[in-house]
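Number of protein chains: 2
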Amino acid sequence: MSASVNRQIILAARPDGLPKESDFQRVESAIPQPADRQFLVRIIFLSVDPYLRGLMNEDAPYLQPVPLGGVMFGDAVGEVVQSNHPQFGAGEIVVGPFGWQEYAVSDGAGVRKVDPSLAPVSTALGVLGMPGMTAYFGLLDIGKPKRGETVVVSGAAGAVGSLVGQIARVQGCRVVGIAGSEEKVRYVVEELGFDGAINYKNPPGHYVERLRELCPAGVDVYFDNVGGTVSDAVAMLINPRARIVLCGQISQYNQKRLERGPRWLFQLVIKQARAEGFLVWQFADRFAEGIAQMARWLREGKIKYRETVLDGIENAPKAFIGMLTGQNIGKQLVKVGA
Amino acid sequence: MSASVNRQIILAARPDGLPKESDFQRVESAIPQPADRQFLVRIIFLSVDPYLRGLMNEDAPYLQPVPLGGVMFGDAVGEVVQSNHPQFGAGEIVVGPFGWQEYAVSDGAGVRKVDPSLAPVSTALGVLGMPGMTAYFGLLDIGKPKRGETVVVSGAAGAVGSLVGQIARVQGCRVVGIAGSEEKVRYVVEELGFDGAINYKNPPGHYVERLRELCPAGVDVYFDNVGGTVSDAVAMLINPRARIVLCGQISQYNQKRLERGPRWLFQLVIKQARAEGFLVWQFADRFAEGIAQMARWLREGKIKYRETVLDGIENAPKAFIGMLTGQNIGKQLVKVGA
Chain A
1 MSASVNRQII LAARPDGLPK ESDFQRVESA IPQPADRQFL VRIIFLSVDP
51 YLRGLMNEDA PYLQPVPLGG VMFGDAVGEV VQSNHPQFGA GEIVVGPFGW
101 QEYAVSDGAG VRKVDPSLAP VSTALGVLGM PGMTAYFGLL DIGKPKRGET
151 VVVSGAAGAV GSLVGQIARV QGCRVVGIAG SEEKVRYVVE ELGFDGAINY
201 KNPPGHYVER LRELCPAGVD VYFDNVGGTV SDAVAMLINP RARIVLCGQI
251 SQYNQKRLER GPRWLFQLVI KQARAEGFLV WQFADRFAEG IAQMARWLRE
301 GKIKYRETVL DGIENAPKAF IGMLTGQNIG KQLVKVGA
Chain B
1 MSASVNRQII LAARPDGLPK ESDFQRVESA IPQPADRQFL VRIIFLSVDP
51 YLRGLMNEDA PYLQPVPLGG VMFGDAVGEV VQSNHPQFGA GEIVVGPFGW
101 QEYAVSDGAG VRKVDPSLAP VSTALGVLGM PGMTAYFGLL DIGKPKRGET
151 VVVSGAAGAV GSLVGQIARV QGCRVVGIAG SEEKVRYVVE ELGFDGAINY
201 KNPPGHYVER LRELCPAGVD VYFDNVGGTV SDAVAMLINP RARIVLCGQI
251 SQYNQKRLER GPRWLFQLVI KQARAEGFLV WQFADRFAEG IAQMARWLRE
301 GKIKYRETVL DGIENAPKAF IGMLTGQNIG KQLVKVGA
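For the record, the sequence lines run as chains A and B.
To convert, note that position 32 of the first sequence is 32 in this note's numbering; the numbers rise steadily by one, no gaps.
To convert, note that position 38 of the second sequence is 38 in this note's numbering; the numbers rise steadily by one, no gaps.
Chain A extracted, bound-state conformation (with noise of 0.2 Å):
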């Protein structure tokens, strides 16, 4: 990596559903330079997340889309460098949406400074980050489960979903993940603790039946990443005044329109339940309280989190794909600097 060089991940092309590697395009700049109240920051971990397909789209559903040849958005954490903003002095290191590329400038929007003591800088991408926020508040504050109730989490590997297990256990529930592979299983109930998970799969289909034996008293709290088939089954399986949460649907985001699926609803009614969507930021401002209470059970051993980690600025791109497909365990990630 030269230090006069910028190496810089454009957007290429939109997806045609699942996005190629040729997509994307790799381009050289100059270093930019921080104007006055900004500073320039050298990105250490890009973070590839599932609602970054959305912003490919020309129709973004709820943010800003990518501009076609524009840097591909993107949060990520760093040090700056050099800085002419009285609130960021260089030697600190932020986080933030800097998107695919080694260095950037920022004027301090959606910038959060993070402390290394507390715990590897990587996971203010992860765990004490945006991931770990989306999992805290969407189970505890959406979800609302209490002790003894059985909560369901799909992609229950994931970066989100495999905190959301463990929040679950903490609070005394019990708990049954779905995941994609067998090594999937294995991990969230040998290394996280969940009562039981069904890999999806494998056998295909069935969910119902498989989760009925895990989920012996029904499912109170249904913590939903993926949305699907795999939804369809757990919304059959709902007890009175259950809670099903919307965090995402990565079953559907590569689909060029609406797919087509059972009709449910009806369930929600005999069942007196709710389904309830969130995006993490409506608790911005909570966020301290939320990281806080992540980083004491980190450090309690009562939570802990996996990394899957790809090297270099040119493989976001294949680590993004890769996430969009299952390929990762726990929180994946680019390693871009030092």
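Careful, some of the hints might be misleading.
If chains are identical, the list can't say which one is meant, so a pair holds when it fits in one copy or spans any two.
[What the hints assert, rightly or not] Distance condition first, Cα-Cα at most 20 Å in a straight line; then the derived SDA-like pairs of lysine to any residue:
no.	residue 1	residue 2
1	K144	Q272
2	K144	E276
3	K144	R241
4	K256	F266
5	K256	I270
6	K304	P116
7	K318	G69
Honestly, the hints are just simulated from the structure, not real lab data.
Chain A is already provided as a structure; the job is to place chain B on it using the hints.
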């Protein structure tokens, strides 16, 4: 009608899809005698309600199914004509689950006394009864409409929907109805004061565009009685933090298996919105409050109601099938006695 005979309607066959008149059978039996702590009721009005369709299936979704050969379930209002019960006296008007028959014996379970000075006794099955409480608590407690918000209600001219829209108007909301005929559209707009309404049958489809015109500020509360394609359209128009009140899914009740439709739950994620089902019985301990408020609004002229009445217990199946296919405006009743 002979005073010594109790004409009854029994369930003769479990319906295959939409019930047919031949699924029911008229029988005659002796007028029953009340035992100790029981009383005899002479039925005046019988109510036919959408939820009864579920009770006709062997796998009734949330209540005991009607047994084959058993008297059809259903709420009715009538007069106590003979009593061995300390709390119910001859001459009193009562409403309860008396079934499709001219006379019923009861021990008082699920029975409520009706004050005939408040309003015509038929209203104990409508605006001052279960449909009224469904509209009142479903809209106010689940939907939580705020002044100036837009409320959309499906099944807008029915027993529940017509009240939902008027209660929403009282709350200062913009109210848009969805109904199945031009007559119903005129009724809710011209007689009930809805701000707008569409006939979803003519022209078919194009719901989204037509609803968008009537809801220029989007949809904050959707009170759903019908489900299916009508709800698919409304879901596309919901605002951030919208509430979808799932009251019924009448478009689905005659399906033999779950119909398939577009998966739109991601709408709830990006709109941070909630869909919540309820059963009116969860508010049973607050019915006195609801009935008092609805009666007040009735007296003040803020709430109007209409009844569609067929005469004679022998017409109960016809009334029920008509209600399931949207033939009625307002509350569908069967007049059984004078």
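Tested hints:
1. K144 with Q272: both (15 Å within a copy, 16 Å between copies)
2. K144 with E276: both (12 Å within a copy, 15 Å between copies)
3. K144 with R241: Both: 11 Å inside a copy, 18 Å across copies.
4. K256 with F266: This pair counts as between: shortest inter-copy Cα distance 14 Å, intra-copy 27 Å.
5. K256 with I270: For K256 and I270, the Cα distance is within 20 Å only across copies (17 Å; inside one copy 32 Å).
6. K304 with P116: within (18 Å within a copy, 66 Å between copies)
7. K318 with G69: within (18 Å within a copy, 65 Å between copies)
Checked against the numbered hints above, the structure breaks none of them.
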